[in-house]
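Q: Chain by chain, the residues run as shown.
4 protein chains.
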Amino acid sequence: MRLSIQVLLDYGFPEPADVLLQIEAAALPAQRLETQALVIESDHPIRAVAGEEGVGQRCWARGKGRLVARYEAVVAIERAALDLAMLPATPVTSLPAATIPYLLPSRYCESDRFEHLVRRRFEGLSGGALALALTDFVRGHLRYDGADTDARTTAMETFASGRGVCRDYAHLLVALARAAEIPARCVAVYAPGVDPPDFHAVAELWLDGSWHLVDATGMARADEMAVVTVGRDATDIAFMTVFGTANLWTQTVRVERIAD
Amino acid sequence: MRLSIQVLLDYGFPEPADVLLQIEAAALPAQRLETQALVIESDHPIRAVAGEEGVGQRCWARGKGRLVARYEAVVAIERAALDLAMLPATPVTSLPAATIPYLLPSRYCESDRFEHLVRRRFEGLSGGALALALTDFVRGHLRYDGADTDARTTAMETFASGRGVCRDYAHLLVALARAAEIPARCVAVYAPGVDPPDFHAVAELWLDGSWHLVDATGMARADEMAVVTVGRDATDIAFMTVFGTANLWTQTVRVERIAD
Amino acid sequence: MRLSIQVLLDYGFPEPADVLLQIEAAALPAQRLETQALVIESDHPIRAVAGEEGVGQRCWARGKGRLVARYEAVVAIERAALDLAMLPATPVTSLPAATIPYLLPSRYCESDRFEHLVRRRFEGLSGGALALALTDFVRGHLRYDGADTDARTTAMETFASGRGVCRDYAHLLVALARAAEIPARCVAVYAPGVDPPDFHAVAELWLDGSWHLVDATGMARADEMAVVTVGRDATDIAFMTVFGTANLWTQTVRVERIAD
Amino acid sequence: MRLSIQVLLDYGFPEPADVLLQIEAAALPAQRLETQALVIESDHPIRAVAGEEGVGQRCWARGKGRLVARYEAVVAIERAALDLAMLPATPVTSLPAATIPYLLPSRYCESDRFEHLVRRRFEGLSGGALALALTDFVRGHLRYDGADTDARTTAMETFASGRGVCRDYAHLLVALARAAEIPARCVAVYAPGVDPPDFHAVAELWLDGSWHLVDATGMARADEMAVVTVGRDATDIAFMTVFGTANLWTQTVRVERIAD
Chain A
1 MRLSIQVLLD
11 YGFPEPADVL
21 LQIEAAALPA
31 QRLETQALVI
41 ESDHPIRAVA
51 GEEGVGQRCW
61 ARGKGRLVAR
71 YEAVVAIERA
81 ALDLAMLPAT
91 PVTSLPAATI
101 PYLLPSRYCE
111 SDRFEHLVRR
121 RFEGLSGGAL
131 ALALTDFVRG
141 HLRYDGADTD
151 ARTTAMETFA
161 SGRGVCRDYA
171 HLLVALARAA
181 EIPARCVAVY
191 APGVDPPDFH
201 AVAELWLDGS
211 WHLVDATGMA
221 RADEMAVVTV
231 GRDATDIAFM
241 TVFGTANLWT
251 QTVRVERIAD
Chain B
1 MRLSIQVLLD
11 YGFPEPADVL
21 LQIEAAALPA
31 QRLETQALVI
41 ESDHPIRAVA
51 GEEGVGQRCW
61 ARGKGRLVAR
71 YEAVVAIERA
81 ALDLAMLPAT
91 PVTSLPAATI
101 PYLLPSRYCE
111 SDRFEHLVRR
121 RFEGLSGGAL
131 ALALTDFVRG
141 HLRYDGADTD
151 ARTTAMETFA
161 SGRGVCRDYA
171 HLLVALARAA
181 EIPARCVAVY
191 APGVDPPDFH
201 AVAELWLDGS
211 WHLVDATGMA
221 RADEMAVVTV
231 GRDATDIAFM
241 TVFGTANLWT
251 QTVRVERIAD
Chain C
1 MRLSIQVLLD
11 YGFPEPADVL
21 LQIEAAALPA
31 QRLETQALVI
41 ESDHPIRAVA
51 GEEGVGQRCW
61 ARGKGRLVAR
71 YEAVVAIERA
81 ALDLAMLPAT
91 PVTSLPAATI
101 PYLLPSRYCE
111 SDRFEHLVRR
121 RFEGLSGGAL
131 ALALTDFVRG
141 HLRYDGADTD
151 ARTTAMETFA
161 SGRGVCRDYA
171 HLLVALARAA
181 EIPARCVAVY
191 APGVDPPDFH
201 AVAELWLDGS
211 WHLVDATGMA
221 RADEMAVVTV
231 GRDATDIAFM
241 TVFGTANLWT
251 QTVRVERIAD
Chain D
1 MRLSIQVLLD
11 YGFPEPADVL
21 LQIEAAALPA
31 QRLETQALVI
41 ESDHPIRAVA
51 GEEGVGQRCW
61 ARGKGRLVAR
71 YEAVVAIERA
81 ALDLAMLPAT
91 PVTSLPAATI
101 PYLLPSRYCE
111 SDRFEHLVRR
121 RFEGLSGGAL
131 ALALTDFVRG
141 HLRYDGADTD
151 ARTTAMETFA
161 SGRGVCRDYA
171 HLLVALARAA
181 EIPARCVAVY
191 APGVDPPDFH
201 AVAELWLDGS
211 WHLVDATGMA
221 RADEMAVVTV
231 GRDATDIAFM
241 TVFGTANLWT
251 QTVRVERIAD
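Protein chains in written order, with UniProt numbering: chain A, 1 to 260; chain B, 1 to 260; chain C, 1 to 260; chain D, 1 to 260.
Isolated chain A, as found in the complex:
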């Protein structure tokens, strides 16, 4: 499966500010970058560093007056879509050290608040069956609707409101999974068919020795996602982190399947 990705960001800056961009598809065993170009219009030097967990990369830019970034890529995805339900549980004591941070609460995923609820409601389930039950629960509990959400909405707020966007679905699933002692992280991806077309966020659950992409919104399939970056929650995977204030002028994200 091949994806064509086109992104345009155009932001204004009332005062100069440092900007951290994460918009490039990552080079990974399961996804190959056929072509890729990132152009940032800026007088300042740009610098890239490795992304969280070594997945993808982050790019520092300087917003001064205006910042325009254009990104184009063709990515070949060779990730198998898996039946989660079949995966056995991993006891926490067998988890690799690198997955432990993803068991803990983070800024937008207050997993410590959900422990009792998860324990009681999903009693008896474990491993892939539990992961699937949590995903179904999130999908059933939420409606896709941005009316109650903004960049600071947390999993707990989303749970109360009963609606949210992809970011909120991912946060809630991640919070519940961690409360269930399944390591869970957030992943920024490009995926076709996302409505509205935009940067997309999904969850990734650690089951049976590896990470598995799960889109609680049901809009994207694991074998059609181009991973950009991973992290604890939206703080880590934001496509743009501004140390100051920025105003959106234009932002477009186009992701299309390329016919073979």
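Don't read these hints as lab results, they were simulated from the structure. The beta-carbon is built from N, C-alpha and C at its ideal position, and this holds for glycine as well. Careful: at least some of the hints might be erroneous.
Away from chain B, derived, C-beta distances all over 12 Å, residues of chain C [what the hints assert, rightly or not]:
(1) 31
(2) 34
(3) 39
(4) 96
(5) 97
(6) 99
(7) 111
(8) 133
(9) 137
(10) 143
(11) 211
(12) 231
(13) 254
(14) 258
Among chain C residues calculated to face chain D with C-beta under 8 Å, some are [as the list claims (entries may be wrong)]:
(15) 114
(16) 132
(17) 148
(18) 163
Position chains B, C and D against the provided structure of chain A, taking the given hints into account.
A: Leaving out everything else, chains B, C and D in the frame of chain A:
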């Protein structure tokens, strides 16, 4: 139905602090105070003022080193236990002015966060049937367990954790009812059979032209409660508000049915 | 001093919703309504009820598709501007019952969080001198700037961010005053010279037996404000409370001094 | 400088729960473990994994009825105490990839809330001088006092209350440093002279190419601290994380300088 009430509070104060006590059963048409005595050991003058909405009274004291308060009363309750389900809905535009504040969010009842959830999950219900459905929902969703709760726990946190004490049950029911456009307030009561025996908090919902006591924990019946005070949430109805810091030394609450 | 007030609200409603409007200047001893007209375009019956504490009035409307409200008034203000610093302190035990709720924390004014800070930083001050010191502190601590604030921003968040709009200034002053055991409420007002021209929010502090308007932003003077409504915080005094979702189409507020 | 460390943890478990312990001093270039023994009384197998960033280690245990852990060590510290003020600033674009996560907000350090305040109040400062000014600010703003704090208190709440314990000092300094674009993390340490004697938490700031320990409480010096673990905030560095509920029975921490 007659109740015997005995309360002892004994608190230490590292620094002098003003203290607002609300521990006296209110004189109300549906509850008659047969005998009542409040004794506060303090060098400072004590002063009582009317409680919220004119229900009951508040008493100012001064915590200096130590504050001991003893309260004893016999209260005759003549409140009918009502079948909520039969009560018709009141359109918001017909609500009395005094009920409007109880439609709005408050410190511990973030009703604005629950609007969508309530609207979707309880669609088609109204009036007493809706009130009953919300009460059943709270009772089913929560376990009575104090492990996740403290004096600052909010309805949203309780909803996520799935457990709480009487105060949390009341907060969650009040938040949901307001989100459903039913005026709802919190009420401090004395009730027999409360386990553990303590100050008890319940909700009060405005239906068909009057307030109706509802205990989402199911531990107390409306015809067995002696109302102390009413308010928006625990901030208003706390038995003790300290403007500073106090340390609990001893606190006992005994409420018993008096055989006829 | 006479004010001319002109307001236009034009909102869209994706789904029908109940709407509570509070946009009419209140009839009060210190402000006389010379002319006043509120026109709401709606197929549904409109109904007015008394405002919080009997100040002003609230008006129920139904947002269905679209809601347009026009308000015009001329108000004569006869309120004296007072030197707060001269006012003596009132011991909490002498406060009228009706002021006690304004000592307690509310949804957006977490006064319980600020008690230690206020006690330590303003030690030795009381009454009007303390009120003035708190006002100066808020004015010095904050910059007028809406970049960090939205309808759910609380006093604690404003204190951390160091900036906000009129609503945030009022919330922070109210929170600090309550922490200092001075009853404090929020007041919606019309005032000339407010920049940007809009609904304005200020604080009201209880000192020496009456309420005193204080604008921590410094933009409006007490003798030039037309009070609309009072309450615990923005939840009570919002010009529009929607039980559902509304989209702003147009909103203008014009307030001008009328030359004698 | 050599430290003798003795720890006893004794906790009860109402229900079986997984427990993550982080109480062993880390083996690091600047600190050498002369002797070390961790004994956990448990029927279940214990398993250790590497700590966050490869610093120290985490140990999984199973709380069933009761969990007793004893730790004893002698650690030789060879860390130089440095004058922070001399360190030059590092532009964010020159930061190593591994430090970027420590620029972002976390569960208890809402650095995004403090950006404006930090920018305005510490304008013109950078590098070590800025780090020192932030540390002095935290020390001056807070009193060491546990009355307002619990395990879920955040930097924003601490800032409002004006008091806290070591954990709160560390959280506030970390939040402010990140807001100032200085990477900052939290560090659990053993240090002599800490009052009350307990697990201690400090901040670590990235300046001039390396991490520097800073104790905003002023109780411990960098050359007297034995580092246990590092992380984004208290979620990562907690000495004990329980996936469920535990009750403290006994806990003692003794740290003493060993005379040469």
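Q: Now look at each hint and say whether the structure bears it out.
A: So, going through the hints one by one against the coordinates:
{"no.": "1", "hint": "31", "in the structure": "holds, 20 Å"}
{"no.": "2", "hint": "34", "in the structure": "holds, 25 Å"}
{"no.": "3", "hint": "39", "in the structure": "holds, 18 Å"}
{"no.": "4", "hint": "96", "in the structure": "violated, 7 Å"}
{"no.": "5", "hint": "97", "in the structure": "violated, 4 Å"}
{"no.": "6", "hint": "99", "in the structure": "violated, 9 Å"}
{"no.": "7", "hint": "111", "in the structure": "violated, 9 Å"}
{"no.": "8", "hint": "133", "in the structure": "holds, 18 Å"}
{"no.": "9", "hint": "137", "in the structure": "holds, 19 Å"}
{"no.": "10", "hint": "143", "in the structure": "holds, 27 Å"}
{"no.": "11", "hint": "211", "in the structure": "holds, 17 Å"}
{"no.": "12", "hint": "231", "in the structure": "violated, 8 Å"}
{"no.": "13", "hint": "254", "in the structure": "holds, 28 Å"}
{"no.": "14", "hint": "258", "in the structure": "holds, 31 Å"}
{"no.": "15", "hint": "114", "in the structure": "holds, 5 Å"}
{"no.": "16", "hint": "132", "in the structure": "violated, 21 Å"}
{"no.": "17", "hint": "148", "in the structure": "holds, 6 Å"}
{"no.": "18", "hint": "163", "in the structure": "holds, 5 Å"}
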